[in-house]
Amino acid sequence: MANSPLVARPTDALQPSKPLPSSSGGTPSGGLPRSARGQRIAAEARPTMDLMEQMNEDEKNKYIKGKKLGEGTYANVYLGHSCLDASVKVAIKKIKVQKEYQDGIAPDAIREMKYLQKLRGHANIIILHSVFSSKDQNLNLVLEYLPLGDLEMLIRDVDHVRYGAADIKAWMGMLTRAVWWCHDNYVLHRDIKPNNLLIAADGEVKLADFGLARSFADPGVRMTANVITRWYRPPELLFGARHYSGAVDIWSVGLVFAELIIRAPYLPGNSEVEQIALICREIGTPTEENWPGVTQLKEYTVPSDVTPVAGKDKYMGRFGAVGSDGVDLLAKTLILDPRRRITAREMLEHRWWKADPKPTPKYDLPKKTAGAEEKAAADLKRRNGMAEDDDVRGSKVARKLDFGAAR
Amino acid sequence: MSRPLDPLGFEDEMCPVCKSRKYLNPDIVFVFNPECYHSMCLNCANRLFNDGPNQCPHAGCNKTLRRKGFRSAFFGDLAVEREVDIRRRVAAVFNQVEDDFETLQDYNNYLQMVEDLTFELVNGTDEKRRQAEAQLQAWEAEHKADIERNKKAGREADEMSRKRLAAERDAARQRRIEAMKEAEEEKRERVKNREMELDNLAKGITPATTEPSTKVQLKRRGGNRAGAATNEPLAQVSNLGADASEVERFRYRMHAGLSHPLMEKYRLDRQHVAGGYSFDDFAARALYEAFAGLGVFVEDEKEPGGGASVGGGGLSAGEVTTMAAGIAATGDVDKMDLD
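Those protein sequence lines, which keep their order, are chains A and B.
Following our numbering, the numbering of the first sequence begins with 712 at its first residue and continues without gaps.
Following our numbering, the numbering of the second sequence begins with 7 at its first residue and continues without gaps.
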């Protein structure tokens, strides 16, 4: 990983411990003393940058970094714009050098770059414009700027945001298409949740934060079961399955769907054990009958009182707002056995999309204006995301103290 | 003022004049005169200053105070109270806004000047304070018209924002009321429909029309937007995606029942079966990757004249990331996602 071209390595030529290219013998003992030799090489290396550095520099100069939008443990995010056109706004995510990964790039950054590259070109996936490294070998990801916060914000703001079945259908449509695109390209997202669904200026929902993504594994290759935020984690991962498929993302999609309807997390477990208990209570206890082989999974433990799998009428009572077709789709995403769970493609072919009411056009979708900025900034503190646009000039003005306002 | 950290009032707040304490007289009220910011209890203030101006009873303070000037403090700390008073006075005189200045630099200089002056007034020695006071008065005299104008503008802006807020509140209330009304109406209508159906049933008419009730429900579920969306071509939203409609899988066709030794080895493995591993996805991916890149000719893809800026590389800078990701995807990086 340390050999990745994305990290400029100007220090290479300066390493005094490396044998000189010119010294044919390879033994550094002959000739000049160590320090003097190091200086000489430095003098030679400075004026000409190597090809990679040159390319990196060109890429870096295409964007102008603006004010900081937020700071988190993994990255700082800055607002920026293109050099050629100041109206083209971007968010520059500067990955911090992490202690454990000082000799290279952190795996979540690699994942994000790799899969955003691969999935480029879909309307519902955040666009990665470019990548460059800045001084101190800091990695910068130039991402699409999405100013309107995330879906979680809209779900939570019960007082100010009202939406109906048509809006839910539109949002779910965009989410499902994004997930289908990932799976069609053999990529698992593994962290689908409302606050990773960012909203573009035109109302389009975009899937972001590919820090946990990976491509489908070959048979026999183990994947970690410790992915996906707990509330959205499917039972097979909770039971420690190491060989799973796109069905894990579908479960998350189903829970986002449920959350959109009831405007509260559907299965908010405080621990993994509680999460399993919640799933058993709300959806049904996984048993050999409804999920062949489940008892063989490594961490299979369920509460002793077996709840039968929930029927459609149970969902109908709680999620009836989306109509019986919507509930049917929801129930299919929440099937316990991952092999029987609906796939992203089958979801898109479901009859709910064709039923009334029709999805709201994206530009008519409810938006939140007030408070979007704080929430967006909070998103950045986690890991990913884009945020607000402030009056850049005002931010440079010295603050005027006015205690009088306190009265 | 009672302080939040001292709920029982045990902290000694004593009137320095009559020595009565809050502990003994919980109703005691402290006042001070902004002339010298020395505090005393209300009783003492009344007693000493009711008969006209008198000297401050604090030792060494020879300011002449009047009853009218006394007031109770807003802040617990009188030093803060004093600073706030001064700042308010300064702000009333120095009330220019950013728009009054040509450049940001000028405005920042102005703010710096105001803050320096305020600091002198608050914390300066007597000498400095006098100077600052003189400066303040000079400025006030000099910029009388500007100050008046800005004051008026400020008042107008306040008025505007107040109006705007009020309007917003009104609109929000209106919306809430409407939503409530709508819900109420729907409820009524549902009840009415139900009664009608029951009546019909009672009269022996078979309910050929469940229509009214479903219509109401639809209206409710769709919200107000259902109507707006009807013009939208359904296909656009319901299909696989407008721009990424269908990824072509030409050059090969998938058949059911594809096999590979690796797949056979694990096909019956309990962990794979129960975890939901999809062998079909594996087969599809293997085929896809085997054929990916066929029919792509690098020479044709190259941009003519590109890479002029990069010495001899022949790569446009836009390809840096592509190349990097390519290397990332194939090189030793792949070991990263073994988990």
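Think of the hints as simulated: they come from the structure by calculation, not from any bench.
None of the values given here were measured: they were computed from a predicted structure.
Among the hints, a few may not be true.
To be verified - As a list, the in silico DSSO-like pairs of lysine-lysine whose alpha-carbon atoms are at most 30 angstroms apart:
1. K773(A) x K805(A)
2. K800(A) x K193(B)
3. K800(A) x K1079(A)
4. K1025(A) x K198(B)
5. K308(B) x K1079(A)
6. K779(A) x K810(A)
7. K198(B) x K187(B)
8. K187(B) x K169(B)
9. K74(B) x K198(B)
10. K1079(A) x K778(A)
11. K805(A) x K776(A)
12. K193(B) x K1025(A)
13. K829(A) x K308(B)
14. K1023(A) x K1043(A)
15. K846(A) x K800(A)
16. K187(B) x K1079(A)
17. K1065(A) x K193(B)
18. K193(B) x K169(B)
19. K1079(A) x K193(B)
20. K193(B) x K1078(A)
21. K187(B) x K1073(A)
22. K1079(A) x K1023(A)
23. K1023(A) x K74(B)
24. K169(B) x K1078(A)
25. K308(B) x K771(A)
26. K169(B) x K158(B)
27. K1078(A) x K779(A)
28. K193(B) x K1023(A)
29. K776(A) x K800(A)
30. K1009(A) x K157(B)
31. K773(A) x K209(B)
32. K1079(A) x K779(A)
33. K1079(A) x K1009(A)
34. K25(B) x K1078(A)
35. K800(A) x K829(A)
To be verified - Computed footprint of chain B on chain A; a stretch qualifies when at least three of its residues, placed anywhere within it, have a C-beta under 8 angstroms from a C-beta of chain B:
36. 953-967
37. 1041-1055
The beta carbon of each residue, even a glycine, is placed where N, CA and C say it ideally should be.
Is the straight-line distance between the alpha-carbon of K1079(A) and that of K779(A) 30 angstroms or less? Measuring from Cα to Cα gives roughly 22 angstroms; hence the hint holds.
Regarding the pair K773(A) and K209(B), is the alpha-carbon distance no greater than 30 angstroms? 79 angstroms, violated
Given pair status - K193(B), K800(A), alpha carbons within 30 angstroms: 48 angstroms, violated
Does K1079(A) lie within 30 angstroms of K187(B) when you go C-alpha to C-alpha? 24 angstroms, holds
Check whether three or more residues of the region 953-967 of chain A sit with their beta carbon closer than 8 angstroms to a beta carbon of chain B. Result for this restraint: holds, n = 7.
For a C-alpha distance cap of 30 angstroms, please report whether K1079(A) and K778(A) respect it. Holds. K1079(A) to K778(A) sits at ~23 angstroms (cutoff 30 angstroms).
For K846(A) and K800(A), compute the direct alpha-carbon distance and say whether it is at most 30 angstroms. 22 angstroms, holds
With a cut-off of 30 angstroms on the C-alpha distance, tell me whether K1009(A) and K157(B) pass. 74 angstroms, violated
Would the hint linking K1025(A) and K198(B) be met if the CA-CA limit is 30 angstroms? This hinted pair holds, its Cα atoms lying about 27 angstroms apart.
Within 30 angstroms, alpha carbon to alpha carbon, are K1078(A) and K779(A)? Within the cut-off at roughly 24 angstroms; holds.
Are K187(B) and K169(B) close enough, with their CA atoms no more than 30 angstroms apart? Between K187(B) and K169(B) the Cα gap is close to 26 angstroms, so the pair holds against 30 angstroms.
Is K198(B) close enough to K187(B), meaning Cα to Cα at most 30 angstroms? Distance ~16 angstroms between K198(B) and K187(B) Cα, so the pair holds.
Violated hints, in rising order: 2, 5, 9, 18, 22, 23, 30, 31, 33 and 34; the structure is consistent with all others.
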